[in-house]
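Residues per chain are reported as follows:
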Amino acid sequence: MSLLSVRDLSVAIGAAEPVDGVSFEIGAGETFALLGESGCGKSLTALALMRLLPEAARIAAGSVQFAGQELCALTEAQMRSVRGGKIGMIFQEPGASLNPVMTIGAQIAEALKFHTGKAQGEKIVELLAAVGIPDPARRATEYPFQMSGGMKQRAMTAMALAGEPELLIADEPTTALDVTIQAQVLDLLDGLRRERRMAMLLISHDLGVVAQMADRIGVMYAGQLVEVAPRAAFYAAPGHPYTRRLFAALPDAASADKAAYPMRGIAYPLRGTPSRQRRLLTIPGSVPPLGTQHAGCRFVERCGEALPVCRSTPPPWREYTAGQQVRCHLETAHTLPAESADFAARAKVGAGETALLEASDLKVHFPIRRGVLQRVVGHVRAVDGVTIALRAGRTVALVGESGCGKTTVGKAILGLQPPTGGTVKLQGKLLQGLAPAAMQMVFQDPFGSLNPRLRVGEIIAEGLRALAVAGDPALRVAELLEQVGLSGDMVGRYPHEFSGGQRQRIAIARALAVRPLLLICDEPTSALDVSVQAQILNLLTDLQAQLGLAYLFITHNITVVDYLAQEVAVMYLGRIVEYGTVDEVLRNSRHPYTQALLAAAPQIEAGRDGNREYVRVAGDPPSPANPPAGCHFHPRCPWAESRCRAAYPAPAMLSATHVVRCFLAGS
Amino acid sequence: MLQIKFVLLWSDLLFFVLIAAVVVGGVWAGRVEHLRLAWRQVGQSRVGMATATVLIAFVLVALLDSLHYRERLPGDQENYAVEVRSALDATLTGLRTRAEKTYSAPLATHLFAKESLDTDLGRSFPRLKHGGAHLGDDLAAHDSDIAAKAVKGLGLGLLGTLVFGLVSLPLRRAAPHLAWNAQLLTVLVLCLLAGAVAVLAGDYHVLGTDKVGQDVLYLTLKSVRTAILIGTLTTLIMLPAAVFLGLLAGYAGGWIDDVIQYLYTTLNSIPGVLLIAASVLMMQVVIDTHPEWFATTAERADARFLALCAILGITSWTGLCRLLRGEVLKLRELEYVQAARALGVSSARILWRHVLPNVMHIVMIAIVMDFSGLVLAEAVLSYVGIGVDPNTISFGTMINTARMELARDPMVWWSLVAAFAFMFVLVLAANLFADVMRDAFDPRVVKL
Ligand SMILES: Nc1ncnc2c1ncn2[C@@H]1O[C@H](COP(=O)(O)OP(=O)(O)OP(=O)(O)O)[C@@H](O)[C@H]1O
Ligand code: SF4
Ligand code: SF4
Ligand SMILES: [Mg+2]
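Top line first, the protein sequences correspond to chains A and B.
Residue numbers for the first sequence follow the working numbering, beginning at 1 and rising by one.
Residue numbers for the second sequence follow the working numbering, beginning at 1 and rising by one.
Calculated directly from the structure, the hints in this document are not laboratory data.
Glycine included, each C-beta is placed from N, C-alpha and C at the ideal position.
Just so you know, not all the hints are guaranteed correct.
[Unchecked claim] Taking beta-carbon pairs under 8 Å as the criterion, some of the chain A residues facing chain B (in silico):
id, residue
1, Ser81
2, Leu434
3, Phe443
4, Gly448
5, Leu454
6, Ala466
7, Ala468
8, Asp472
9, Arg510
10, Val514
[What the hints assert, rightly or not] Anything over 12 Å on all C-beta distances counts as not near chain A; from chain B, calculated:
id, residue
11, Val54
12, Val59
13, Glu78
14, Ala133
15, Phe294
16, Ala303
17, Ile314
18, Gly344
[Claimed, not checked] Distance ranges between label pairs, derived from CB positions:
id, chain 1, residue 1, chain 2, residue 2, range
19, B, Gly385, A, Val376, 44 to 52 Å
20, B, Pro240, A, Leu434, 24 to 32 Å
21, A, Leu74, B, Pro240, 34 to 42 Å
22, B, Gln41, A, Ala468, 37 to 45 Å
23, A, His496, B, Arg172, 26 to 34 Å
24, A, Gln78, B, Gly254, 56 to 64 Å
25, A, Ser360, B, Gly30, 25 to 33 Å
26, A, Lys113, B, Ala421, 50 to 58 Å
27, B, Gly254, A, Ala625, 17 to 25 Å
28, B, Gly272, A, Lys113, 54 to 62 Å
With the rest of the complex left out, here is chain A (with noise of 0.2 Å):
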């Protein structure tokens, strides 16, 4: 029998249906994963089960069975003894979760206290070093600030083990964690699952997370399941149209190709080769808003195998593979329509021979400051000697963990952030203070970066107006909403009315105003689903081959940066560790710390061939305010040295692109 039965659970807000009908089973011991965009209803689903929902919403109908016990019976007192008990629930923002006026020590002991009666020191102790904090007896007398993200989301699933759970619900644990803390803390889960036997119930929207931890996916869109299946089916053949185009939009390598590991002799992880001709699948439209009345289908609207009957009566829930159910009218497996043209154009872009911009030597320090005379007492080194060049048509791409300087170096390339040394020339020419309007910077956050008291129009028009181009500055604006996908008749509307990847394509359009020869997009598309990343990298492909753009492209997603660069620069506590070609610094790693964070990153491969063993590294990334001596990476390389320790190692020219800082590198 099943630890967790769920039956027909629907959350109603209003009049509106966010959770509608969701039926599930999790047995003891074994992960499921509830997958889903942004606004489908995987998080107030989990709430639900715990009785948390947030005071407008309410549990409208269903039943949930956890060890034959009848949850939504239960009295409120009788909930808060299974919450933190037998269920415990770990959340996205390890931060927000933790009080920060208490130690972590005092806070397991609450959760202990609560659960089993009394506290014990030692019992704290041994959670903490279960959840894998060094020295933990110290830790304990900690407070959260003092603690990484990492470490805070260790101390979180601490709190959360404190009662012994059977059933562990974590939604999106790792979203706001780096990828190579991220690895860390997947692994510990899946650790922990396994030695005590707990279900898990995770939800997340990356396909490579789920595939690397799920024994069986449920696939949610607007509110309802549309497919579960076992994993190793699911990744070979995903039977919804929507989760099919899910996959579709991926820029993950499509074939899988195990090259072998190219120093010490371990498999190799970024398995498949991209396909970079390949224009990435889109799925047309949007989610539908929440209280839309569905007749049909409620992907009718977005699917290209659409039939009649789609939009007149629900789709029955259907048996595709073995064990996979899928709730679809089509009675074949289908395929996908191949998505347009591949980018012919892409490879016709005459890439500039010369370089468009050069920076070298550029170097970012912040002053710390301390006491009352606000004395200087030191350097925060966000980029300490960068030097890149961008050719026109042609992408870099820049990847680091958070805080490494890769946007401090996008901001001091445009001389947003007045750089403390170094120099930038645009196609020859030396740029002193703000740079000129040729180049501009595309940014995360789609809903930071517009001003949300302006219009649509009055936004693009601004660098018009200010760099006073001749024209209408009317025409223009239509033409550029056009060039980027959007209807010129949307200038008179507010940011708020629009998605977050129309509003990451307005600010495009606005960067686009001024005929720029190079945008700097700071993870442009890591805010947004899988489905509007596509578009939007389609979207900057399109552009680049149009204009010839050059882009240096920041951003943290290895897949992304495979499918759109031609060359990558890897930073680490703001130096560039490895620099070369896509293939070179992807296939043919030569710094420990690239070979990390390759084998950092979920890759959907995973679930495939069920291989999930990987490299880890260990340890938080240091602090830029006080880099290790020697090489910053030593800490955290299994293969210092000696020397590593003593000295930063000298750039490595392994090819006349690839140039690696690391004393084996030559080796």
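With chain A fixed as given, assemble chain B with the ligands onto it according to the hints.
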């Protein structure tokens, strides 16, 4: 020939400018979408509509009291009386002129204290000159007369509400989703009260009389202008400085930020009351040594009043400035500001188009929040004698005189209660309105 000469005091001028600015701002806000939405939310809130109605009633009284004039003296020469009166005074001539000898309780027919009268030997309560004079010797009819007048007044109030309801009908039609019912209910309560008080005030002192026999109702109504003006003009004076310095400090950073921060932390660390006391005394000396600057006592009182506003303004801009600086520090790093900089937009334009509109909600909320604080501050300052000119009628001066009366036996409670009740209603309305405004304008308040 005109029988009056209009007098435009400085405070009147500023008040009119302010009202005009509010009207113009209102029209402009109607065009800007996010403001329109926010105001609509205020209008949809029952508390918002009710408190706004109360506040508007207060402002109307203040406006009426700001239309000043001097009467022409009889005679051939063109001479004008030295007293400056207002339209409110003209409306309330009855109340103003029907002074008694000294204290009398609300609606009383006799003085509050016994006096020895000529007619008989003992001491007894003398009849009032005006209060209840129409009753003659028929004192038994006192209660029924009051009841009859009150009923008549309530009837008039009801009629007034009906008329108002009819007149405002097109407005309700135009914007049917606003909380008009709450507004109408408030108008009803106000009209009923005003009707009853107005009819009764014809023959009685509804709120009694004070030590020198002045009608307390008259005094309270006159205090409204002082309170409203203190609350609004002070803000008007401090606002430009607070906004300008706040934006500058936050956006420019560096030494400019240091200087501005230094300025407001220093100002803040001097106890406010001390600073105000010192400034008021200095200003008092200046005004006293230059009597030739002022044609009438009203002008002198007005100068002192404005100076008080200025001093209060100077001591209270720091809070808003600090708030704005913090917000701008955040906004400056926002990506749309960065994007504008990358496009080469000038700093002034960025401040005007990207920063200012996004801190406006803070400014608006601060204005309304400060209002009640300032009204109370005036009362406290006048109470300790460093507030408005003693000749200016205000809640503070009323309370100041009432404090002696509380010590009398039997207690004279009505001036204090009257001042307190009016001030309470005004401040409560302003506070509730501020809450509604904050909910509507603060983007951080989650709207479902
Ligand atoms: N204005 C500033 N003052 C002081 N330190 C700063 C400032 N801006 C950035 N830093 C520090 O510089 C380092 C690099 O920051 P940056 O924003 O460039 O990182 P990033 O690689 O873009 O990270 P993410 O992936 O999180 O966007 C960080 O340690 C950050 O705390
Ligand atoms: S039911 Fe019809 S519309 Fe819905 S996914 Fe299947 S084929 Fe598409
Ligand atoms: S130099 Fe040494 S510590 Fe640094 S990455 Fe290479 S092997 Fe590791
Ligand atoms: Mg960044």
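Comparing the hints with the structure gives:
Violation of the interface hint for A/Ser81 is found here, the shortest Cβ-Cβ separation to chain B being roughly 30 Å, above the 8 Å cut-off. For A/Leu434, the interface hint holds, the least distance from its beta-carbon to any beta-carbon of chain B being 7 Å, beneath 8 Å. For the restraint placing A/Phe443 at the interface with chain B, the shortest Cβ-Cβ distance is roughly 4 Å, inside the 8 Å limit, so the hint holds. At its closest, the beta carbon of A/Gly448 sits 5 Å from a beta carbon of chain B; the interface hint therefore holds under the 8 Å criterion.
The restraint placing A/Leu454 at the interface with chain B holds, with a minimum CB-CB distance near 7 Å, inside the 8 Å limit. Taken as an interface hint, A/Ala466 checks out: its beta carbon lies about 5 Å from the nearest beta carbon of chain B, inside 8 Å. Annotation: A/Ala468 was flagged as interfacial toward chain B, and the flag is violated, the nearest CB pair being 10 Å apart, outside 8 Å. Look at A/Asp472: its Cβ only gets to about 19 Å from chain B, farther than 8 Å, so that hint breaks.
Among the interface hints, the one on A/Arg510 holds; its C-beta lies about 6 Å from the nearest C-beta in chain B, closer than the 8 Å criterion. Because the smallest distance between the Cβ of A/Val514 and any Cβ of chain B comes to about 6 Å, under 8 Å, the interface hint for this residue holds. The claim that B/Val54 lies off the interface holds: its Cβ sits roughly 31 Å from the closest Cβ of chain A, which is beyond the 12 Å cut-off. Listed as a non-interface residue, B/Val59 keeps its Cβ farther than 12 Å from every Cβ of chain A; the least gap is roughly 29 Å.
Listed as outside the interface, B/Glu78 is consistent with that label: its C-beta sits roughly 55 Å from the nearest C-beta of chain A, beyond the 12 Å cut-off. At the 12 Å boundary, the C-beta of B/Ala133 stays outside the reach of chain A, the nearest C-beta of that chain being 62 Å off. In this structure B/Phe294 is separated from chain A by more than 12 Å, as the shortest Cβ-Cβ distance comes to about 46 Å. Its beta-carbon lying about 40 Å from the closest one in chain A, B/Ala303 satisfies the requirement of being farther than 12 Å from that chain.
For B/Ile314, the condition that its CB be more than 12 Å from all CB atoms of chain A holds, with the nearest at approximately 26 Å. Separation of B/Gly344 from chain A is inadequate, the least Cβ-Cβ distance of about 5 Å not exceeding the 12 Å criterion. About 51 Å separates the C-beta atoms of B/Gly385 and A/Val376, a value consistent with the hinted range of 44 to 52 Å. Our hint of 24 to 32 Å for B/Pro240 and A/Leu434 holds, since their Cβ atoms are close to 29 Å apart.
Against the hinted window of 34 to 42 Å, the Cβ-Cβ separation of A/Leu74 and B/Pro240 comes to about 60 Å, which falls outside the hint. Our hint of 37 to 45 Å for B/Gln41 and A/Ala468 holds, since their Cβ atoms are close to 39 Å apart. Checked against the hint of 26 to 34 Å, the C-beta distance between A/His496 and B/Arg172 comes to roughly 29 Å, which is consistent with it. Range check, A/Gln78 to B/Gly254: Cβ separation about 60 Å, and the 56 to 64 Å hint holds.
The hinted range of 25 to 33 Å is not satisfied by A/Ser360 and B/Gly30, whose Cβ atoms lie roughly 54 Å apart. A C-beta distance of roughly 52 Å is found between A/Lys113 and B/Ala421, which places it inside the suggested range of 50 to 58 Å. Roughly 22 Å separates the CB atoms of B/Gly254 and A/Ala625, a value that falls within the hinted 17 to 25 Å. Separation of B/Gly272 from A/Lys113 is about 47 Å and departs from the stated range, judged on CB atoms against 54 to 62 Å.
Hint compliance for this structure: hints 1, 7, 8, 18, 21, 25, 28 are broken, all remaining hints hold.
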